[in-house]
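Trainee: With the hints as extra help, turn the sequences into a complete structure.
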Amino acid sequence: MSEPVISVRGLGKKYKLGATLSPNTLRDHIAQSAKSLFSQIYGNRQGNSPLPNDARHSTLVTSASRREFWALRDVSFDVQQGEVMGIIGRNGAGKTTLLKILSQITEPTEGEVRIRGRVASLLEVGTGFHAELSGRENIFMNGAILGMTRMEIKRKFDEIVEFAGVDRFIDTPVKRYSSGMKVRLAFAVAAHLEPDILLVDEVLAVGDAVFQKKCLGKMGDVTKEGRTVLFVSHNMSAVQQLCSTGLLIEEGAIAYLGATEKCIDRYLKSASNRQESIVSHAATNDLAVKLHNVTVNGSTNDRQNLPIGCKQLDIIISGSIDRPMPLLLEARIYDLREQCLAFFTPRRVREHFEVLPEGRFCLTESIGLPHLNQGEYILSLYISEYRNQGKSPIRLDKALHLEAEGTPTVTGWVFRQARGNGWMLLPEAEPSSDRDSPTLSATDDRSNNAPREESSTVED
Amino acid sequence: MNKRPHEVSTATHLPAERVIRPKTGLVPINFGELWHYRELFAFLAWRDILIRYKQTAIGVLWAVIRPFLTMVVFTVIFGKAAKFPSNGVPYAVMTFAAILPWQFFANALTQGSNSLVASAGMISKIYFPRLIIPSSTVLSGIVDFAISFLLLLGLMFWYQVEFRLHLLLLPLFFIVGFCAALGVSLWLGAMNVKYRDVRHAVPFITRLGLYVSPVGFMSSIVPEKWRLLYCMNPMVGVIDGFRWAILGPKFEPYWPGFWASVVVTAVILVSGAYYFRSTERTFADLI
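Just so you know, the sequences run in chain order A and B. Going by the working numbering, the first residue of the first sequence is number 1, and it counts up by one from there. Going by the working numbering, the first residue of the second sequence is number 1001, and it counts up by one from there.
Read the hints as simulated data drawn from the structure, not as lab findings.
Distance condition first, Cα-Cα at most 25 angstroms in a straight line; then the derived DSS-like pairs of lysine-lysine:
| hint | chain 1 | residue 1 | chain 2 | residue 2 |
| --- | --- | --- | --- | --- |
| 1 | A | 269 | A | 398 |
| 2 | B | 1023 | A | 14 |
| 3 | B | 1083 | B | 1250 |
| 4 | B | 1194 | A | 14 |
| 5 | A | 214 | A | 224 |
| 6 | A | 16 | B | 1023 |
| 7 | B | 1194 | A | 16 |
| 8 | B | 1054 | A | 175 |
Mentor: Below, the structure written as structure tokens:
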């Protein structure tokens, strides 16, 4: 069976740009037409466009290209029966648009797609759920929307309920469900679809960790049954686990198609190539706090090399606050597959933090590092309020990309994270005299607030 | 093209190929596909019926109270105060025979024109023939209609109106009314996706239509020379038909006008379906 089940040829999708410009009411439409007529008559002389002032300094030149945006252009590929293809790329690269075209939700502007087999698309968990309907009614409703027949749903009903773990509430309106229950129920329905071709868009990013694991397991089963799956995700470890091939989309075009591993590497490289300042990653949740500058080891760049023997990160954060606050700095270190490796939380270690007075402030903190193996790491910083659990007025998610050069051993051997050696080199320790509490510290003892064993559960 | 297998296919037998490419020009209605999705159609109609009166104190009584009070008001104002003619039939029954199809039409219009926007989540996340949404919404109005119809039978019994064989023709007139409601809903529903003006226009249309259509009075009080033009309103034919079927020969419709209403209905329905089909390709992008 060499003929592909999906064949895409020269696919393109064009969107008209500028939601605020598109006429949503007849009045706008009329006003817009009048304006463009006006600018056609007088526009050349004045050099004006019908755009509002803030949109005028757009870099796009001609009026045609100003209003158009190719979400996908000239995309061609084949998918064979039983292939599990991971589709990756940055936000806005065109992944979802591709899935929407394949599932016939939106029409391509050019090109064509040939599909052989029953297609089910899962672009969202719980499409068509109605809050007023009971769990039972919603299972039937949602199943029908996803393309199951009534008989099929009836047959799998018990299985679905069991998978979701909501049997006690099956006749309760879904609006009384917790959000977790809702998601579980919705995914359970979707997981029992039996299409030839399944299109999945980033739906595993829901629910708690246990349920996510269950979903991943289910997805794994689906792929083993010989179904063809296209799987869009930002979760690189899931893509790696599930997919046999990878498709990297960049700015609406295919940047790479081939082995999953290579595809992911390519994506991670391209994703981290731009250099900005660390402070530009700040997301503010509390307007009372403003950030001015962030430096790590004396540099404001969001890509840095960790030189050999670097044992700590010196972080200086300056900003201003509108009211006195007990601010402190917390941090997390991730690997490139976005698994958290370590957590730095001085609030657990220290008893007291001084309340910073109104006005300018400067937070300094030094994080002790273990012997990081050669590889790439990502640092997230959180400026939190002491005793205000879980509240971070400012988050700098994935703000700093660190490339560790690795510590050569005596024999000159450098451990690499990428070779499966894990992310840190453990030091030798003295045999412990107290056998009840064996401590295997991964860190040097020179810093008081180094991250300890707290976070060293890495699954890989 | 566009054929889908009815059951899960096995690996040994690959089903027919489906081609997705930009459509141009008039898009025909794919009846085969609609048939394939009949279960979803039924489910959506069933859902609309289920949720219509959820979390209301008097629930389905609303389907009785609204037409009943409208009937009372019209009987008092047009029958008692204005003393409009009623061919010797109790004014209440005469009015109610018209309120029945009108209420169905107005409800269908209100809900049908909003149905696509209300299902925005589904439209932007999943594929199915979009025609299903407004049609299932219009169809779900049949439940309200049936309940009001029972009320009509009660009224006929109360006023001792003779039950005639003409009553058997009622479904035919209902079908015309259904087609009119569906046609207008297709137009307004599809327009509503792009132009939210429709939301403001619909309450206005239904309120004005109540007085423009012969609901509170007989269509025969319209001067003869305007009659045919008057019947361009498709509901005129439907209401005349209902009165005839319920109240007998005294209410025999002005047939040229009736057929004019039927033709207008057909034009609205067919053009609505094609307008809908040709705009539905942009629904997911615009909604």
